Amino acid sequence: MGQGSRRLIGVTILVVTAIIWGFSFVGQVLGSNSLLPFSFNGLRFLAGCLTMLPLCLLAEKPRITTPADKDAHKIKLRRTLLGAMLAGCALFGASTLQQCGISITRDPGKAGFITGLYTVLTPVAYWLIFKKKSSWNIWFGCILAAVGLYLICLNDNFHPHVGLGELLILGGAFLWTAHILVVDHFSDSIYAFRFSALQYLLCGGVSLVISLFAETVTLTDIRNGAGALFVSGVLSVGVAFTLQTIGQRLVPPAPAAVILSTEAVFAAVGGVLWNLLVPTHMQVDQTLSWVGVMGCGAMLLGIIMSQLTFPSRKEKKDLLS
Numbered sequence: 001m002g003q004g005s006r007r008l009i010g011v012t013i014l015v016v017t018a019i020i021w022g023f024s025f026v027g028q029v030l031g032s033n034s035l036l037p038f039s040f041n042g043l044r045f046l047a048g049c050l051t052m053l054p055l056c057l058l059a060e061k062p063r064i065t066t067p068a069d070k071d072a073h074k075i076k077l078r079r080t081l082l083g084a085m086l087a088g089c090a091l092f093g094a095s096t097l098q099q100c101g102i103s104i105t106r107d108p109g110k111a112g113f114i115t116g117l118y119t120v121l122t123p124v125a126y127w128l129i130f131k132k133k134s135s136w137n138i139w140f141g142c143i144l145a146a147v148g149l150y151l152i153c154l155n156d157n158f159h160p161h162v163g164l165g166e167l168l169i170l171g172g173a174f175l176w177t178a179h180i181l182v183v184d185h186f187s188d189s190i191y192a193f194r195f196s197a198l199q200y201l202l203c204g205g206v207s208l209v210i211s212l213f214a215e216t217v218t219l220t221d222i223r224n225g226a227g228a229l230f231v232s233g234v235l236s237v238g239v240a241f242t243l244q245t246i247g248q249r250l251v252p253p254a255p256a257a258v259i260l261s262t263e264a265v266f267a268a269v270g271g272v273l274w275n276l277l278v279p280t281h282m283q284v285d286q287t288l289s290w291v292g293v294m295g296c297g298a299m300l301l302g303i304i305m306s307q308l309t310f311p312s313r314k315e316k317k318d319l320l321s
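Heads up: the sequence shown begins at 1 in my numbering, then just goes up one per residue.
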């Protein structure tokens, strides 16, 4: 298979991943009709964990033939466990704030774009924490994303309205950034599928334990939310992660990040399509005005700008010389 064909397959896989992630915001809104946040997240992430188990057993069977292999396996396993614990804590916080916010706003498009801020916040966090220099386009992307967020939060009278739901989702975006930093720190020398399954297990387990004390859940509630759990758990958490892993092996990091950032667009598209296909009483809220749509555009442009790579002045001179 040629390089062009491999990249085309990779791009297609990543687009499918972004579509699943985007449409899962609709699933999260619908899930909040039947299940409270901790119950929904608990069942959702445990379903994702179960989806990952075959990959853990089949794709990550270590070959141990020498004592050195055994020692390396132990080190890798310890690093996987430690990383999964830290990532699971960040995932729990991020997903809890996001689901609580979505249950209030009930707007998948708005939730998708506000959550997408983590794409811009990540390089900024690298600069603040690790003193890694950020290029001009990252800061330009931050400004565009901030302007876009402001426009999205304008009400019909063009006055800024930032309610509790928006604030919770925004807080979740900061914790998604922390989650990425943890994953990046532990990305070398770990069992990737085991890492993911374990963090989902921790997040789902903690969520379910809290739900036992803070929420009331019945089998009827679970049956009513089964479809949303399938989309948000099995497809979004389990299947989409696998597709992302495969796609990013075939597509360079920068364009891959840009493709995946379109999940925010698909979140808005998913909400519109859902409302067109179902009766009024089953619809989700789509409260974005034309100004809000402009805000979504500015935020998406900011996200894309923050992921692009531009040659430095020295590199430009080298190219021209």
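Treat the hints loosely; a few may be bogus.
Stated by the list, open to error - With a cut-off of at most 30 Å between alpha-carbon atoms, the simulated BS3-like pairs for lysine-lysine come out as follows:
#1 K76 x K131
#2 K76 x K61
#3 K74 x K61
Stated by the list, open to error - DEER-style ranges, computed between Cβ atoms:
#4 S135 x L58: 22 to 30 Å
#5 M85 x G4: 24 to 32 Å
#6 L77 x Y150: 25 to 33 Å
#7 V293 x L219: 36 to 44 Å
#8 A214 x T65: 47 to 55 Å
#9 D71 x T220: 45 to 53 Å
#10 M294 x V15: 19 to 27 Å
Derived from the structure by calculation, the hints contain no laboratory data.
These numbers come from a predicted model, not from an experiment.
Yeah, the Cβ is synthetic: ideal placement off N, Cα and C, and Gly gets one too.
Violations among the numbered hints, reported as their numbers in ascending order: 4, 5 and 6
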